[in-house]
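Trainee: What follows is each chain in one-letter form.
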Amino acid sequence: GAVVSQHPSRVICKSGTSVKIECRSLDFQATTMFWYRQFPKQSLMLMATSNEGSKATYEQGVEKDKFLINHASLTLSTLTVTSAHPEDSSFYICSAIRTGSPEQYFGPGTRLTVT
Amino acid sequence: DAKTTQPTSMDCAEGRAANLPCNHSTISGNEYVYWYRQIHSQGPQYIIHGLKNNETNEMASLIITEDRKSSTLILPHATLRDTAVYYCIVRVAQLGAQKLVFGQGTRLTINP
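Taken in sequence, the protein lines are chains A and B.
Going left to right, the first sequence walks through residues 1 to 115 as our numbering numbers them.
Going left to right, the second sequence walks through residues 1 to 112 as our numbering numbers them.
There's no promise every hint is true.
Unchecked claim - Restricting the straight-line Cα-Cα distance to at most 25 Å, the calculated cross-link-like pairs of lysine-lysine (BS3-like) are:
id, chain 1, residue 1, chain 2, residue 2
1, B, Lys3, B, Lys99
2, A, Lys66, B, Lys52
3, B, Lys52, B, Lys69
4, B, Lys99, A, Lys55
5, B, Lys3, A, Lys41
6, B, Lys52, B, Lys99
7, B, Lys99, A, Lys41
8, B, Lys3, B, Lys52
9, B, Lys99, A, Lys20
10, A, Lys64, B, Lys99
11, B, Lys69, B, Lys3
Claimed, not checked - Listed below are several chain B residues computed to face chain A (Cβ distance under 10 Å; list not exhaustive):
id, residue
12, Tyr36
13, Ser41
14, Pro44
15, Ile47
16, Lys99
17, Phe102
Derived by calculation from the structure, the hints in this document are not laboratory data.
A virtual CB, placed ideally from N, CA and C, is assigned to each residue, including glycine.
Pulled out of the complex, with its shape left as it was, chain A reads as follows:
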């Protein structure tokens, strides 16, 4: 149990366009989801905390108008990278906390390439 999926697994988009990444908890309800970004050979950096039914909490230095997060249901959070630039190319990973548990379960990641 406790499976988290992400879609798409890979995406290539042109500079200036927007791209949406989905994070789903497949077999549990998640009131809280997290979004991380990971550049090559670096560790995971937390971008934001997504709470179902409320606004996301962004980490310092992360532009909330550029990285739009929506957590409209207990099983789905989306991250939209708006007006993407090549420097937004990265590996984006989500995680979810099962309701009633402190444990986090990670998705497989989405590799974004902006050309």
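Chain A is fixed; fit chain B onto it per the hints.
Mentor: For chain B alone, coordinates are given in the frame of chain A:
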């Protein structure tokens, strides 16, 4: 959350035990030690966690010193598939939104 210190990289021969150390000298009494690993281009995978007692599961063993200022993750019979970056994280384990702060981790390479 308390800061952790891990070696940047380690090598281990296939079939041998891999012992990965972690220092967390500023750990608080209510903070747990968690271990995750990340295989290349995948999301992190939970391995094990503990408070003060040694823990064992099907993946690994966790040895925490009596003063809780350091711990060791043990992979008893390492295989090539255990090659990954291993992250030691300390955090309070309670209900609610507890974010994980990842350090640089240890890049473990299992050699044939």
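Trainee: Look at each hint and say if it fits the structure.
Mentor: How the hints compare with the structure:
For the suggested pair lysine 3 (chain B) and lysine 99 (chain B), the alpha carbons sit about 14 Å apart, so the restraint of at most 25 Å is met. With a CA separation close to 42 Å, the supplied pair lysine 66 (chain A) and lysine 52 (chain B) exceeds the 25 Å bound. Between the alpha carbons of lysine 52 (chain B) and lysine 69 (chain B) the distance comes to roughly 10 Å, so the proposed pair stays at or under 25 Å and holds. Between the alpha carbons of lysine 99 (chain B) and lysine 55 (chain A) the distance comes to roughly 16 Å, so the proposed pair stays at or under 25 Å and holds.
For the suggested pair lysine 3 (chain B) and lysine 41 (chain A), the alpha carbons sit about 20 Å apart, so the restraint of at most 25 Å is met. For the suggested pair lysine 52 (chain B) and lysine 99 (chain B), the alpha carbons sit about 21 Å apart, so the restraint of at most 25 Å is met. For a cut-off of 25 Å, the pair hint linking lysine 99 (chain B) to lysine 41 (chain A) stands: about 21 Å separates their Cα positions. Using a Cα cut-off of 25 Å, the hinted pair lysine 3 (chain B) and lysine 52 (chain B) holds, with the two alpha carbons roughly 17 Å apart.
The straight-line distance between the Cα atoms of lysine 99 (chain B) and lysine 20 (chain A) is roughly 23 Å, inside the 25 Å bound, and the hint therefore holds. Taking the CA atoms of lysine 64 (chain A) and lysine 99 (chain B), the gap is near 18 Å; set against the 25 Å cutoff, the hint holds. Among the hinted pairs, lysine 69 (chain B) with lysine 3 (chain B) is consistent with the structure: their alpha-carbon atoms are about 11 Å apart, no more than 25 Å. Annotation: tyrosine 36 (chain B) was flagged as interfacial toward chain A, and the flag holds, the nearest CB pair being 8 Å apart, inside 10 Å.
For the restraint placing serine 41 (chain B) at the interface with chain A, the shortest Cβ-Cβ distance is roughly 7 Å, inside the 10 Å limit, so the hint holds. Among the interface hints, the one on proline 44 (chain B) holds; its C-beta lies about 5 Å from the nearest C-beta in chain A, closer than the 10 Å criterion. Of the supplied interface hints, the one on isoleucine 47 (chain B) is violated, with its beta-carbon coming no nearer than about 12 Å to a beta-carbon of chain A, more than 10 Å. Given hint, lysine 99 (chain B) at the interface with chain A, holds; its Cβ is 6 Å from that chain's nearest Cβ, closer than 10 Å.
For phenylalanine 102 (chain B), the interface hint holds, since its Cβ comes within 10 Å of a Cβ in chain A; the closest pair sits about 4 Å apart.
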